[in-house]
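Put together the whole structure using the sequences plus the hints.
Protein chains in written order, with our numbering: chain A, 1 to 344; chain B, 1 to 344.
Heads up, a few of these hints could be off.
A pair holds if it fits inside one copy or across any two, identical chains being indistinguishable in the list.
[Unchecked claim] List of simulated lysine-lysine pairs, DSSO-like, C-alpha gap at most 30 Å:
#1 34 to 323
#2 34 to 271
#3 46 to 168
#4 46 to 182
#5 323 to 251
#6 182 to 168
#7 323 to 271
#8 239 to 323
#9 239 to 182
#10 271 to 176
#11 260 to 34
Since the hints were derived computationally from the structure, they do not count as laboratory data.
There are 2 protein chains.
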Amino acid sequence: MSEIRYDVTGIGNAIVDVIARAEDDFLVAHGMHKGAMALIDEARAKGIYEAMGPATEISGGSAANTIVGAASLGARAAFIGKVKDDELGRSFGHDIRAAGVAFSTQPAAAGPATARSFIMVTPDGERTMNTYLGAAQDLHPNDIDAGVIAASAITYLEGYLWDPPHAKQAFLKAAKIAHEAKRKVALTLSDAFCVDRYRAEFLDLIRNGTVDLLFANERELHSLYQTGDFDTALVTLRKDTRLAVITRSEKGCVVVAGEKTEAVPAAPIEKVVDATGAGDLFAAGFLVGHARGLDHRTAARLGALAAAEIIQHIGARPETSLKALADASGIRLNGPPESRGFIS
Amino acid sequence: MSEIRYDVTGIGNAIVDVIARAEDDFLVAHGMHKGAMALIDEARAKGIYEAMGPATEISGGSAANTIVGAASLGARAAFIGKVKDDELGRSFGHDIRAAGVAFSTQPAAAGPATARSFIMVTPDGERTMNTYLGAAQDLHPNDIDAGVIAASAITYLEGYLWDPPHAKQAFLKAAKIAHEAKRKVALTLSDAFCVDRYRAEFLDLIRNGTVDLLFANERELHSLYQTGDFDTALVTLRKDTRLAVITRSEKGCVVVAGEKTEAVPAAPIEKVVDATGAGDLFAAGFLVGHARGLDHRTAARLGALAAAEIIQHIGARPETSLKALADASGIRLNGPPESRGFIS
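Written as structure tokens, this is what we have:
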């Protein structure tokens, strides 16, 4: 078996976030579902941008945020995703590399512009997203670097990859390479509306063994099993997965591993400034903890710690070293996983 | 005399800020003067960007920040400055208009890219700037809209305009139009190194009556009069100006009007997150207060309030309504100035 060079590699839509504050009225007036991600075309992107307030641009993308969070925790991390060779695309590349992440996906030379997500942050800190996929639509199976995937303890995939036309094939190719190399595959369901778009396919992935570790929040779990009752959903989830983590905002998370269930509280915070990235950063902490052999409860604590940092400022990329926060909280990471001992 | 339609119009370099956290060591290693603004060429811009950490892009520019602050205080405000018709230029235009500012300078169709300032924020909250002027270099006297200037109670100019080759002529043209329309002209000295580059010309502007209201911080004042002693500088300043406001960071500010001197304290804050824009937003408050006929002390309090908001978060654009903050502090603004009564 080849050597493990990365704790985690993420594959996802490479997006720059364009963040502005907005009142709840603005969401209503523009027909937006609060807290959800909607896909928009170029014309609507133009209309929303013209209507929205002064904005801040920060590199984003769900799996990309997770991977940057993993690097900030001290993990060895890589990312695969498609930008165009334009100003926003160069910003995205700069930011993820400057965060210490290996990123070598070839940018598109022509075609649509780098993807952007217009994020409206309401006074309660909740974020509502409208994403123009642009160049991210051109992620292709050829962009999957087999060497990187085979060398990653965990390959982490976002459900949003079901939206761009070829990314699904890229996703499946990566999962196959990972399993052939005896590595693990993790999936986040991304968004309740995304689950609604691809429910049958996601259930298939989970049940046929493509996914070893599932992340979802309560709304996504309810959407997956089409129920409004958390406990009902857990009964089915327990049968469908070997390991799943359900995040529940301020109520913390629940780790479900076969018959075992552990509830871990959220980390205390002063005020939610911008909820963007809460789930992404939770996943970062859990993935790194898991890759480094921590027990589920401690991995979840690491996730809660990373999520707490991100929601107290604008943007979904850490503003401080998450490793330093983990150290201060007494969570010690083991060294990198041994190639032979990890999948046991 | 024509009607007053704007409380304040700003003319300045139209710049997008690219903000990243950095340690003091980084500044030393890259030969940067902490707290200062250095002009850089395209090659150095590339080198700094490659070396710096993950960044946030927010529209900036000193006078532009001031004008957005004025609009946030409820004033009628306009801005003149040059961007290119590229992604960053369109962001700049979107942001300033979304803040409620009139902005109709024609973007450059060709030539260098929109100006950007790489801003390193050290752990103490101090900001160190490296600016690539790009398209801002092409601001030309033809870009000065005489109708806007004549309709503005105050025209506000930044000392940085001495750097681009034609902007100086634009500056002087605007000052002439303003005075012919019986309006006031304000100048900020911008930066101690900028003062060092253009000391004789700035002294000339101040002494020959081009400038009615001068803003400077302590370092700029010391640079202007080439002294390290504050009181010595004040003696000369008092002779050279009719009205000047010297900001002194946490010590507040001093308003010098002929023989009269008033010290006004800084507004209390919890922690300096990013000092970028402190002087710009102080000027916003003072200018709006002055345009609306408040006494110097109250105008300075309004400035202190706006500065306090800006240094408690990343970026030099307000994240909340400054008018609401002013209302909460009991500072009431009068209605717009009467055309005939203002310059009396």
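Quick rundown of the hints versus the structure:
no., hint, in the structure
1, 34 to 323, "between (32 Å within a copy, 27 Å between copies)"
2, 34 to 271, "within (19 Å within a copy, 32 Å between copies)"
3, 46 to 168, "within (27 Å within a copy, 36 Å between copies)"
4, 46 to 182, "neither (45 Å within a copy, 41 Å between copies)"
5, 323 to 251, "within (24 Å within a copy, 36 Å between copies)"
6, 182 to 168, "within (21 Å within a copy, 67 Å between copies)"
7, 323 to 271, "both (22 Å within a copy, 23 Å between copies)"
8, 239 to 323, "neither (35 Å within a copy, 56 Å between copies)"
9, 239 to 182, "within (23 Å within a copy, 80 Å between copies)"
10, 271 to 176, "neither (42 Å within a copy, 50 Å between copies)"
11, 260 to 34, "neither (33 Å within a copy, 55 Å between copies)"
Figure legend: structure checked against the earlier numbered hints; hints not met, in rising order: 4, 8, 10, 11.
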